[in-house]
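Participant: From first to last, the protein sequence lines are chains G and D. Note that the working numbering has the first sequence beginning at 1, numbered continuously upward. Note that the working numbering has the second sequence beginning at 1001, numbered continuously upward.
To be clear, the hints were calculated from the coordinates, so they are not data collected in a lab. Incorrect hints may appear among the rest.
Negatives, chain D to chain G, calculated, CB over 10 Å [to be verified]:
{"id": "1", "residue": "P1073"}
{"id": "2", "residue": "R1077"}
{"id": "3", "residue": "L1083"}
{"id": "4", "residue": "G1088"}
{"id": "5", "residue": "R1133"}
{"id": "6", "residue": "L1170"}
{"id": "7", "residue": "R1225"}
{"id": "8", "residue": "D1230"}
{"id": "9", "residue": "E1232"}
From the structure, some residues in chain D lie toward chain G, with a derived Cβ separation under 10 Å [to be verified]:
{"id": "10", "residue": "S1056"}
{"id": "11", "residue": "S1059"}
{"id": "12", "residue": "Q1078"}
{"id": "13", "residue": "E1091"}
{"id": "14", "residue": "E1097"}
{"id": "15", "residue": "E1100"}
{"id": "16", "residue": "A1110"}
{"id": "17", "residue": "W1137"}
{"id": "18", "residue": "S1138"}
{"id": "19", "residue": "M1141"}
{"id": "20", "residue": "R1149"}
{"id": "21", "residue": "C1214"}
{"id": "22", "residue": "H1218"}
Owing to the predicted nature of the structure, the values given are computational and were not obtained by experimental measurement. We put the beta carbon where it would ideally sit given N, CA and C, even for glycine.
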Amino acid sequence: MSRDTRTVMWKEWRSILRSQSRRWRVVAMLGAPLILFGVYVPWDAGEYWLIGPPPIIGATALAILAVVLTIPDSIAGERERHTLETLLASRLPDRAIVLGKLGFSFGLASTIAISVLVLGLITFNMAHWDGSITTYELWTGLAALTFSILLALLAAGIGVSVSLRAASAQEAQQTLTMLMFLPPTFLGITAMLLGRRASEGGGIAELMSRWDLVHVGIVFAIVLLIVDLIVIGSAIRRFERTRLIQVV
Amino acid sequence: MGQAAIQTRALTRDFESVRALDSLTLEIQAGSIFGFLGPNGAGKTTTIRLLLGLLSPTSGTARVLGSDTTEDPAAIRQRTGALLDHTGLYERLTAEENLEFYGRVWQLDAGARRKRSQELLERIGLWERRTERPIEWSRGMRQQLALARALIHSPDLLILDEPTAGLDVLAAEAVRERLAALVADRGMTVFLTTHNMVEAERLCDEVAVINNGCLLAHGNPEQVRGEHDDLEAAFLALVRSARAES
Chain G
1 MSRDTRTVMW KEWRSILRSQ SRRWRVVAML GAPLILFGVY VPWDAGEYWL IGPPPIIGAT
61 ALAILAVVLT IPDSIAGERE RHTLETLLAS RLPDRAIVLG KLGFSFGLAS TIAISVLVLG
121 LITFNMAHWD GSITTYELWT GLAALTFSIL LALLAAGIGV SVSLRAASAQ EAQQTLTMLM
181 FLPPTFLGIT AMLLGRRASE GGGIAELMSR WDLVHVGIVF AIVLLIVDLI VIGSAIRRFE
241 RTRLIQVV
Chain D
1001 MGQAAIQTRA LTRDFESVRA LDSLTLEIQA GSIFGFLGPN GAGKTTTIRL LLGLLSPTSG
1061 TARVLGSDTT EDPAAIRQRT GALLDHTGLY ERLTAEENLE FYGRVWQLDA GARRKRSQEL
1121 LERIGLWERR TERPIEWSRG MRQQLALARA LIHSPDLLIL DEPTAGLDVL AAEAVRERLA
1181 ALVADRGMTV FLTTHNMVEA ERLCDEVAVI NNGCLLAHGN PEQVRGEHDD LEAAFLALVR
1241 SARAES
């Protein structure tokens, strides 16, 4: 199984390397935020980069973006380009195909998340050198790694399910983008508004302002891990030859 | 009579209220070229998908290379090469990488993959163009490469869905010659669908005619042709008669 999974990952990797248009699209779409979160923000934010939410937001957003750019293309796109049926007619088990696609996308997302954190750290130290290397505050670094990885997994699992239903790679990509970026945007705005009310005092906002963020983060990470397992498990179960072959 | 490579018994497949295949019973001998003939929508592609275990039958059974398509489809796919209605080539990969990928799929080791890829590409005259992407090629060249890909693991059974459709006379002839050589040299069984009756008559040891999911005739080309001048005339008569009856 692991050899088959690696075979699928090899093909996905070669496809990105060989596709000039796709390679430039990935570079452009990931490169700009990578420079923003890996260079500009750490340079500009100073110590806030090591203790505040920017590295968590940057690493997570880039990891999700990497999944959005790869999973729909590797499933819905492969069906659109009429290569999926030939792959399904091969000896590869269903599970190896889907795990290979998930593994490649997740591997790319994790690499990018780690890259933005390392790049940010290098930039910060170069810009604010005080004679010794400064690193992330423990919980900030852990949160950035954990949430980028868990949310990339979630995006990958949802991406498989969305790609199986979508008529095209573009449709799958749009749906996945909406599903992954709209809820955090809405939550961010809500948190900002609640934060403003908390400073004025009152109700839920005041209660939330007293929460221990580390504990909230741990609980959120555990819930996210459980949701990931359910979503990934469901995506793997749905990826079956007999379901994938379209009715003629 | 030799050993059967494919046996179907009352194989039936419904898609909701539509019966795509109706009680198909066939036996195809190992080492033969079998032509499955029928108009568009007759049930040919559904039959191929059932034989490869990509679809489950609504009723009936099929055994391919000794394995049941429902119980052990993986064993069938392990020993089968397929060229379906699209070439299935990765247009972002080079010709060589397409073969390399499917060599890896069939778990050939690195040396065997290289040797087999070179052998197949040389045989179809595309070794010099191995670093090109097939998207830049003619349909005939892509079809030849797809056929090479289906053969990368030296399968016992080759399933081809209209392998010469859309090819010019020379490219189609090259594919036919290749198929005939494969059966002669390796004793491979070939199951192919085609709309080209001349091709079926020249190439196939046995043919079957299907219409609307129902088998209309089965035998060697001469038997199916019967009193008609050629296979095409027999095919038209069979299909028209079946449509008139329904």
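Participant: Does each hint fit the structure? Answer for all of them.
Facilitator: Hints, verified against the model:
Not every beta carbon of chain G lies more than 10 Å from that of D/P1073, the smallest distance being close to 8 Å; the non-interface claim is violated. Listed as outside the interface, D/R1077 is inconsistent with that label: its C-beta sits roughly 5 Å from the nearest C-beta of chain G, within the 10 Å cut-off. A beta-carbon of chain G is positioned within 10 Å of the beta-carbon of D/L1083; the least distance is around 8 Å. Not every CB of chain G lies more than 10 Å from the CB of D/G1088, the least distance being 3 Å, so the non-interface label is violated.
A beta-carbon of chain G comes within 10 Å of the beta-carbon of D/R1133; the shortest separation is about 7 Å. Every CB of chain G is more than 10 Å from the CB of D/L1170 (nearest about 25 Å), matching its label as outside the interface. At the 10 Å boundary, the C-beta of D/R1225 stays outside the reach of chain G, the nearest C-beta of that chain being 29 Å off. Against the 10 Å criterion, D/D1230 stays outside the reach of chain G, whose nearest CB is about 29 Å from its own CB.
Here D/E1232 stays apart from chain G, with its beta-carbon at least about 25 Å from theirs, past the 10 Å limit. Here the hint on D/S1056 is kept, as its CB sits about 6 Å from the closest CB of chain G, short of 10 Å. Annotation: interface hint on D/S1059 violated; nearest CB of chain G at approximately 16 Å, more than 10 Å. For D/Q1078, the suggested interface contact is upheld, since its CB lies about 5 Å from the closest CB of chain G, less than 10 Å.
A cut of 10 Å between beta carbons decides the hint on D/E1091: the least distance to chain G is about 7 Å, and the hint holds. The criterion of a C-beta within 10 Å of any C-beta in chain G is met by D/E1097, whose closest approach is roughly 6 Å, and the hint holds. For D/E1100, the interface hint holds, the least distance from its beta-carbon to any beta-carbon of chain G being 9 Å, beneath 10 Å. Among the interface hints, the one on D/A1110 is violated; its C-beta lies about 12 Å from the nearest C-beta in chain G, farther than the 10 Å criterion.
About 15 Å separates the beta-carbon of D/W1137 from the nearest beta-carbon of chain G, more than 10 Å, and the hint is not met. Hint status for D/S1138 relative to chain G: violated, with the closest Cβ pair at about 18 Å, above 10 Å. The closest approach between the C-beta of D/M1141 and any C-beta of chain G is roughly 17 Å, which is over the 10 Å cut-off, so the hint fails. Because the closest C-beta pair between D/R1149 and chain G is about 8 Å apart, less than 10 Å, the hint holds.
At its closest, the beta carbon of D/C1214 sits 16 Å from a beta carbon of chain G; the interface hint therefore is violated under the 10 Å criterion. Residue-level restraint check for D/H1218 is violated (minimum Cβ-Cβ distance to chain G is 22 Å; threshold 10 Å).
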